[in-house]
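Colleague: Place chain B on chain A using the hints.
Okay, here's what each chain looks like letter by letter:
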Amino acid sequence: MKSANLNNLNWRYVFNTRRFLLAAAGCALLSLVLVMMVIVPQFNQILINQSKIDQEKKTLGQLQNKMQALGESNTLDLVNQSKLVDSALPSHKPLLELMSSLNFVASWAQINITDIQLSPGEISTDSSKTATTSKVVTKGKSVAAKAYQNLDVDLTVEGELDRLNMFLKNVENTVPFSTVTKFTLAEIKGRTLADGSNTGNKTYKAELTISTYYFTQSVNAALISPLTPVGNNEQALLTKLKSYTMLNQTQQKEIQGGGSQDLFGIKSLTGESPPKEVINLDEETGEPI
Amino acid sequence: MKEINFLRERRIRLTKGQEKDRRIMKIAASILAGVMVVALVVVVVSLFFRQRINTIVQAEEQAKQQILSDEEVEKSYLLSLNKLQSLVQLDKSRQNKQETISYFTSIFGPDVLVTKIEYVDQDKLLTFRIQAKDVFILRHVFDTLISSDLRTKFNQVNMSNLSRNGDGVYEMSVAVVMKDAELIK
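Listed in order, the protein sequences are those of chains A and B.
Just so you know, we're using the numbering used here here: the first sequence kicks off at 1 and counts up by one.
Just so you know, we're using the numbering used here here: the second sequence kicks off at 1001 and counts up by one.
Pulled out of the complex, with its shape left as it was, chain B reads as follows:
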């Protein structure tokens, strides 16, 4: 009887299988090596960022200490600046009032006397009482107050309480609503 040698066949099959496994292992090992390199890079980058954050935080602390040491300077500066800003508003209102009074005392001429002035800053309202020696001067005052030029300069101009005293002097109240003055930009 002829003997069949199955071992040789088996050996060949096993060797082919092992070759295939060896290829798979090489691929897996390469992937593992790649993953390890990536993991190493990621860890190094993370450490670098952490170090960077620490450096920045340290610099912040130093800056904060420096600013705290200048606290009195900052307080004084802020207080003065806020006061100046309030003063700018007050000065603007006052200047507006002064210019309006100056304007009205000059447009009527020397024969008209301004006897009473009242200024309310909140409403931008200026009221004043004028005296005119005779009716012709009073008419000039009327013409001036109703002129279109005046209407463009002020929001409102109203006349009221016209009276004549025993000396023949006419008195009248004028109320002016002023416009906001423009600040220097």
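One chain only, chain A, in its complex shape:
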């Protein structure tokens, strides 16, 4: 009699008798594979996408708010008045503008400017200017640089007291924005006129230092950074600036000369009109084209 061999499993027998159990095992295995390979990774992806959607929605909201703000009337109002703001606080040293406004106010107040001293410092072109926005380190602490610098002019004026007061008051009501920082008053005694008589009114001599300001900060903004609205203080100042005296100065864009025969155009003053040699200047760099 042959002995039973239990080592070799009879798959055919197992399949015939336990096929339903095998199918159940197959289903369980397939379920496990689906859970591990599909459901779990996709579920994680859903969580990541959900958080990404929230973040992108927030960014989109910020962008849309900024788009809306750029189209609002308050924004456009300020942009339309940028010339006024620039004239009050220019981005360059307002030497010419200050001289013009001082001359204008002195003429209007009927006083004489007898002496003027100033130290404008570097008068460099825009391309050669170095950035002045780096932080200044003072005693171990870093302090942000000021947004503006000042240009001082020392002035000596003469006139009657009330006219001097008018001059002082109106110098601070013109653009560019200026402040009288020093003032010394002295009476001038006994002004004798050409015919030998003495002036009736007392004349005073005032030594002033006038500081005018110019903007030196560079302004940067990120694409999604929101637009800061115009505050009440800024709005009030803008209204105030509109009442200031502003002189219209035409910017010279070309050099006009008399050519090689008449360098300074003297002959044009005498009625002759020599050929003009016009040199056009580049608007951005100010250099001859």
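Hint data in this document are derived by calculation from the structure and do not stem from the laboratory.
Zero decoy hints are in this set.
Here are the simulated DSSO-like cross-link-like pairs (lysine-lysine), alpha carbons at most 27 Å apart as the crow flies:
1) K1116(B) x K182(A)
2) K240(A) x K182(A)
3) K169(A) x K83(A)
4) K169(A) x K1179(B)
To give an idea of the chain B side of the interface with chain A (calculated C-beta under 7 Å), a few residues:
5) A1039
6) V1042
7) A1059
Even glycine gets a Cβ: it sits at the ideal position worked out from N, Cα and C.
Modeller: What follows is chain B alone, placed relative to chain A:
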């Protein structure tokens, strides 16, 4: 000898076993079906979220393009606003100075002349020199400067360099440390 039929017994046992296996298979199949449905739902939701992200990103790109097209407007606005903010500070300091000078030129009366004024914005310091024609006017000036009303309006008021010239006119320096003016809120 009586024959024992083991096949029937075996058949019965096998049939019971198969019934049990069939029940297990039904349960496993149901679980598989459930898992497949869940997998399908999860995949559909994931695709939906991906599509949503694409839509939002597209809208962002459009918004960015629109903002970039208004770049000059934004530059001009930001520059003007920053300048205005600086001007507000400057105007506040200047107004403070003007009000202080106006105050001091009015409290002493018409007999006192202010001859020299110096203003340092950084320290909020205003110094001025006054002239009083006689000692009685000077005394009035002293009384005014030491009054408590003045002390509440300004952080510090100091007098110095009192002198008398040949004409009998008294001159004195006054240094005032101003308080910060309040802005419109």
